[in-house]
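Dock chain to chain to rebuild the complex, using the hints, since each chain is given by itself in its own frame.
Protein sequence lines correspond, in order, to chains V and L.
By our numbering, the letter at position 44 of the first sequence is numbered 44, and the numbering carries on one by one without gaps.
By our numbering, the letter at position 148 of the second sequence is numbered 347, and the numbering carries on one by one without gaps.
Read the hints as simulated data drawn from the structure, not as lab findings.
Don't take each hint at face value.
Straight-line C-alpha distance at most 25 Å; calculated BS3-like pairs for lysine-lysine [as the list claims (entries may be wrong)]:
#1 L:214 / L:403
#2 V:138 / V:97
#3 L:241 / V:97
#4 L:214 / L:241
#5 V:24 / L:263
#6 L:438 / L:344
#7 L:344 / L:403
#8 V:97 / L:243
#9 L:438 / L:403
#10 V:24 / L:214
#11 L:263 / L:214
#12 L:263 / L:241
#13 V:167 / V:138
#14 L:214 / V:16
#15 V:24 / V:10
A few chain V residues facing chain L, derived, Cβ under 7 Å [claimed, not checked]:
#16 115
#17 155
#18 187
In this text, all values refer to a predicted model and were calculated from it rather than measured experimentally.
Virtual Cβ for every residue (Gly too), placed ideally from N, Cα, C.
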Amino acid sequence: MLEYAEPIVKLIDELKRLPGVGGKSAQRIAFHLLRTEPAQIERLVGAIQEVRDKIVLCSICNNITDVDPCRYCTSAARDRSVILVVEEPHNLVTVEKTREYRGLYHVLHGALSPLRGVGPDDIRIRGLLERLRSDEVKEVILATNPNTEGEATANYVSRLVRPLGVKVTRIGMGVPVGSDLEYADEVTMHKSLQNRTEM
Amino acid sequence: MPLHNAQAFVLRTYKLAEADKICVLMTRQSGKLRGVAYGARKLKSRFGSCLEPFTEISLTYFEKDGRELVSISNAEIVRSHYAQAADSVVAGAAMSYVSDLCCEFLPDHEPSDPVYRLLTATLDAFGEGRDVNALVRYFEVWMLKLAGFYPDLRSCAGCGEPAAPGADVWISADGAPRCASCSSGRSLRATPAIRETIARILAKPPATFAESAPPGDQLDRLSELALLIIRHALERDLKSFALFNRLRRETETPGTHLENFE
Ligand SMILES: [Zn+2]
Ligand SMILES: [Zn+2]
Numbered sequence: 001m002l003e004y005a006e007p008i009v010k011l012i013d014e015l016k017r018l019p020g021v022g023g024k025s026a027q028r029i030a031f032h033l034l035r036t037e038p039a040q041i042e043r044l045v046g047a048i049q050e051v052r053d054k055i056v057l058c059s060i061c062n063n064i065t066d067v068d069p070c071r072y073c074t075s076a077a078r079d080r081s082v083i084l085v086v087e088e089p090h091n092l093v094t095v096e097k098t099r100e101y102r103g104l105y106h107v108l109h110g111a112l113s114p115l116r117g118v119g120p121d122d123i124r125i126r127g128l129l130e131r132l133r134s135d136e137v138k139e140v141i142l143a144t145n146p147n148t149e150g151e152a153t154a155n156y157v158s159r160l161v162r163p164l165g166v167k168v169t170r171i172g173m174g175v176p177v178g179s180d181l182e183y184a185d186e187v188t189m190h191k192s193l194q195n196r197t198e199m
Numbered sequence: 200m201p202l203h204n205a206q207a208f209v210l211r212t213y214k215l216a217e218a219d220k221i222c223v224l225m226t227r228q229s230g231k232l233r234g235v236a237y238g239a240r241k242l243k244s245r246f247g248s249c250l251e252p253f254t255e256i257s258l259t260y261f262e263k264d265g266r267e268l269v270s271i272s273n274a275e276i277v278r279s280h281y282a283q284a285a286d287s288v289v290a291g292a293a294m295s296y297v298s299d300l301c302c303e304f305l306p307d308h309e310p311s312d313p314v315y316r317l318l319t320a321t322l323d324a325f326g327e328g329r330d331v332n333a334l335v336r337y338f339e340v341w342m343l344k345l346a347g348f349y350p351d352l353r354s355c356a357g358c359g360e361p362a363a364p365g366a367d368v369w370i371s372a373d374g375a376p377r378c379a380s381c382s383s384g385r386s387l388r389a390t391p392a393i394r395e396t397i398a399r400i401l402a403k404p405p406a407t408f409a410e411s412a413p414p415g416d417q418l419d420r421l422s423e424l425a426l427l428i429i430r431h432a433l434e435r436d437l438k439s440f441a442l443f444n445r446l447r448r449e450t451e452t453p454g455t456h457l458e459n460f461e
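Next up, chain L with everything else stripped away, as it sits in the complex (with noise of 0.2 Å):
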């Protein structure tokens, strides 16, 4: 039974048996696997927080010949991202919506260094206390982007013209970016302003994006956007993108909802 080190991400957690947890864990090492932790929901359990979604943690684990789930022998927390979880129903769902797109996304057992450093940097300008919406939609952009998803807008995939600087650019269902005259049927526009927008994500870390983040109308583009690749890559919805959106609008919107945040 090798032992292993490594520093991961808890994703996300899933209860198992009567007091054990199953985690899904992005390593920095080893890439996505999933772990069980016995009693770590034990209210005197040895792993304390430090197995709750979106914790950094530094971790010992064991495989088990043949066995899918290894076994989490030991976690400590590098970085806790609980307070901001718990306290904002928006930025909890936020975060959620990022694990989220890491799961489905990852391929298991695969190191991506880049993905890594993605959600750290992202994770700690949400704790900074930044723009919850345009983080959001920067890591959609480049999770999106490093899984392969996200289409290149500079040219037409049609006929291989590059993007004209004041044109649209039309994406059709099955993510790919045609000019005007390739274009046919029901696309999605990208207008000069988003392929701007989308440039300097690619350009600048989450905080400094989130900083001077663009108006709101231009990050719901993006959003509409990302459901499309989603939608292509993954054949079907993700529950947290769309409670992310619905939250996130009831908070901007007061009077329409239940609730009235301070």
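For reference, chain V alone in the conformation it holds in the complex (with noise of 0.2 Å):
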């Protein structure tokens, strides 16, 4: 990218190490960035510091949160008893939407994966097992991702949790609602079929 000046070269290369973004997006986002307000500039650039500076992983349930503990670990009206393990932050906000959650959370960020080189001691189970010494909490949720290395995970924690006395549950697999059962490929059956429940 010789033909472009060095401001704008360095520009586009720190929007390419963003996920997702490709070269070409790259140099879409930069020149969208050169003919945009200042204004709207200082907005983009504070609002990206404010992250940096302000949020912060919540230290019991390792949460992104702009106060610590995070406000579901210190709310009242939130059931202490059960915990719900997720991979990513992102992941809590899906639970959320449903709103018929209201036990609290823990995020390992992250799921075991040998070939990505993800051991144990990459995310963050120990402080799992530390919360679960008193004995508030009676059911641990496993909502990690239906795929090999989040049920690998899954198994990994039930593992350890279930030597503590503590019930654990994973969430229910199998064919997505609303599609058409034809297409469910044998492991998705197998699951369902496994899952299924009496009614």
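Here it is in structure tokens:
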């Protein structure tokens, strides 16, 4: 990209580091920013800085938060006998959207993945076990992703939690709502049968 | 845009953009290739569990001119190994390492029927609940041999003399085997017993080998030898190698770690 002035090349390079942004998108965003009003740029830079300065991980559940402990962990309205375990902070938002879950959370920040070199020490499992030391928690719900890594992680965590006398459950897996049964592959169908419920 | 049909193993996957997946595939017909499956991470993806690692699939893909990535248009499960990989962290780590070896040692676009059959037989043996460590060591020897890196321990690379039946062979960091008089510096020792085990691996199918697997310390020696060869060949370590060996040891010596498998 020798044809651009150095500051532009620098900006494009930085943008390219962002997830899902390739060379072409980076170029497009860079030129969009060049045409943008200074005030709007200020707001964008400010927002990025604010996130960097104010957002921390909750010292209890590892959720991203601007107050520590986070609002879920300190809320008197939440059921403190249940902890729902997710891989990433944005998974928590998906659960909250149901308005059905009133318990607490624990964010692992990843899943076990030998192919990516992610082992048990690289995700936040230990803190979960510490939280279970008090008798307050009666159930741990494992809501890691329904894929090989997520399930291996759920299995790993459940084997650590069960000996502590806490009930461990896994979110239901199977055919997605709104789809046709004929499109389900055998692994998905097998899971559906395994997780069937009495009516 | 020519359409291709192939049988393949999903070796590993990466997330791409919002909901897509990049898969590294080992096809029987065209060797290793990378393909993108659009929308594969969506809840109602038509790919379902087909593109999870270690699954054997029958797939349809097309190549776009000049593009490195092929586009996966359809996939169906031939054989899934999802349950094994998901149910046991150690088995999952073992399969990941096996996959990693394929990714690292198979050249792109070069079909290899021996490697395909090796992977099929090894994953099947995993499914039959055979000794995971023995299977991994078996795969390692074969994969590195098929890739042309496993040393032939029957003769000395220095003087060319055949290895005496009762004598040790020494393997130096460059992967070359030497007799006691040619060997110098730090080398790994391959005892006659180890060489016998390697010969057994090269003569038997994986399930048979794992059925009467040698003792753990012999498997450990094989693992050290593999590590030396991998380092020499790739000039770096494989994370999956270390992680598999670690998780395996943790489960073998309960009490020294976080976890206790039943
Ligand atoms: Zn919190
Ligand atoms: Zn010699």
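Which earlier hints turn out false for this structure, listed by number in ascending order? 1, 9
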